[in-house]
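*Asks:* Read off the chains here:
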Amino acid sequence: MIVHVRLFAAARELAGREVVEILVEEALTVGDLRALLATQVPALAPLLPHVRLAVNSSYASDATQVAAGDEVACIPPVSGG
Amino acid sequence: MIVHVRLFAAARELAGREVVEILVEEALTVGDLRALLATQVPALAPLLPHVRLAVNSSYASDATQVAAGDEVACIPPVSGG
Amino acid sequence: MIRLTDAPLDSQTGIAQVQSTQAGAVVLFLGTTREFTRGRQTLTLIYDGYREMAERELQRLETTASERWSLTACLIEHRLGEVPLGEASVLVAVSSPHRKDAFEAAQWIMDTLKQDVPIWKQEHWADGQVEWVHPGLPPAE
Amino acid sequence: MIRLTDAPLDSQTGIAQVQSTQAGAVVLFLGTTREFTRGRQTLTLIYDGYREMAERELQRLETTASERWSLTACLIEHRLGEVPLGEASVLVAVSSPHRKDAFEAAQWIMDTLKQDVPIWKQEHWADGQVEWVHPGLPPAE
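Chains as they are written, first to last, in our numbering: chain F, 1 to 81; chain V, 1 to 81; chain B, 1 to 141; chain H, 1 to 141.
For reference, chain F alone in the conformation it holds in the complex (with noise of 0.2 Å):
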């Protein structure tokens, strides 16, 4: 399956796009995710051990199970207020 992970702010910025598709063959966890995101994205990987990832717009742990279809996204540490 793909597995789309939405970018912001810096990290959109560091991988140069907002969306990253990863190819994977079977279900994964976040955790799986952010390592992958690492390798297939360098450019995130300074980025990645302070960011918080999310799932269908909630925050989820690295136990978290990835299904297809879910929305996943890469959330910096935030500055909204």
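Derived by calculation from the structure, the hints in this document are not laboratory data. From a predicted model like this one, the values you see are computed outputs, not experimental measurements. Idealized CB from N, CA, C, for every residue including glycine. Some hints here could point you the wrong way.
[Unchecked claim] With a cut-off of at most 20 Å between alpha-carbon atoms, the simulated EDC-like pairs for lysine to aspartate or glutamate come out as follows:
hint : chain 1 : residue 1 : chain 2 : residue 2
1    : H       : K100      : B       : D116
2    : H       : K100      : B       : E104
3    : H       : K114      : H       : E55
4    : H       : K100      : B       : D111
5    : H       : K114      : H       : E82
[Claimed, not checked] Listing some non-contacts, in silico: residues in chain H with all C-beta distances to chain B over 10 Å:
hint : residue
6    : R3
7    : S11
8    : A25
9    : E67
10   : E82
11   : R99
[Claimed, not checked] Partner residues aside, some chain H positions facing chain F, computed with beta carbon under 8 Å:
hint : residue
12   : M1
13   : P118
14   : W125
Since chain F is already given, all that's left is putting chains V, B and H on it; use the hints.
*Replies:* Then chains V, B and H, alone, in the frame of chain F:
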């Protein structure tokens, strides 16, 4: 000298007037005045232990001296805001 | 800035007076006339004050808060006379570079105002009773 | 009530939405664009957000605060896009029967918003630098 004591809220209602005039023979303290008020305006007596007295628009302790021309005010517990 | 007035308080003007490019935070507080207190219905409130002293005390609060929290600007207004249901009797507007100071200052101003500023409210209850409010006093006979 | 918008925030409308005869207290917070940060000058700020999730998170804050502090009403608005100097990027307006709850709720909402709501600001400094703000991140190379 005559000391004018301004009354507010429940103090004004109990005394039935806005100002009490107290004739004194010599300079006195706020504590003396508090005692005199209770004697000369008995309707105020139950309230007086709970009021603060102000001299010239500042809260005064019972030790503060009252001089001729000072404006004294009887300040029951406030409820602004 | 402090002000006693018999007219309605205008929060928009109050905010405009403290908002600034030097501030990152604005806190506005309004104390408004509430209809029910422990189930008892209020018709309206009338405020009276010892005006000269109330102005001095409000000025003292403004000065103290402005220094203690390094406020960019500080406005305290109190309305006297009748303040109908839902309308504001008191308005505090402060601004500061960071939000913590603005929140703390506004709360301190309100806490201190309610202890020290010689203003009193008279409750006009729906059951016909009229009474001056004096917190901490034993109930009148 | 929550709202993300690209338009200026209107504090007057915000206050009107929470003021009520059931409330004795209204607290309004505005976060505004400050010109100087530790001596460094800001020209303007641009805010971006993950809109669907930001709306969900703001809704969660409103629901949680309304329950925890028994608020009469609660409004949270965030502006996206450019927010010029002195203008507000965020507006929180809450009302409650007593002031302590309104103050606490507004502060908690702001503290939590700044931790959890996926919105980012981009500083445009007067020295020409442009950078996304990510609190806690080691400085970019």
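*Asks:* If a hint holds in the structure, say so; if it doesn't, say that too.
*Replies:* Taking the hints in turn, this is what the structure says about them:
1. Of the pairs offered as hints, the one joining K100 of chain H and D116 of chain B holds, with about 18 Å between alpha carbons and a cut-off of 20 Å not exceeded.
2. Only pairs whose Cα atoms come within 20 Å are accepted, and K100 of chain H paired with E104 of chain B is accepted, the gap being roughly 12 Å.
3. Straight-line distance between C-alpha atoms of K114 of chain H and E55 of chain H comes to about 14 Å, which keeps the hinted pair within the 20 Å bound.
4. With a CA separation close to 10 Å, the supplied pair K100 of chain H and D111 of chain B stays within the 20 Å bound.
5. Distance restraint check for K114 of chain H and E82 of chain H: the Cα-Cα separation of roughly 18 Å lies within the 20 Å cut-off, and the hinted pair is therefore satisfied.
6. No beta-carbon of chain B comes within 10 Å of the beta-carbon of R3 of chain H; the shortest separation is about 18 Å.
7. With a least CB separation of 5 Å from chain B, S11 of chain H falls inside the 10 Å interface cut-off, contrary to its annotation.
8. Listed as a non-interface residue, A25 of chain H fails to keep its Cβ farther than 10 Å from every Cβ of chain B; the least gap is roughly 6 Å.
9. Every C-beta of chain B lies more than 10 Å from that of E67 of chain H, the closest at about 20 Å, which supports listing it as non-interface.
10. With 10 Å as the threshold on Cβ separation, the claim that E82 of chain H sits away from chain B holds: the shortest Cβ distance comes to roughly 15 Å.
11. The Cβ of R99 of chain H sits about 6 Å from the closest Cβ of chain B, inside the 10 Å cut-off, so the non-interface label is violated.
12. Given the 8 Å rule on beta carbons, the hint for M1 of chain H is violated: about 18 Å separates it from the nearest Cβ of chain F.
13. About 5 Å separates the beta-carbon of P118 of chain H from the nearest beta-carbon of chain F, less than 8 Å, and the hint is met.
14. Violation of the interface hint for W125 of chain H is found here, the shortest Cβ-Cβ separation to chain F being roughly 15 Å, above the 8 Å cut-off.
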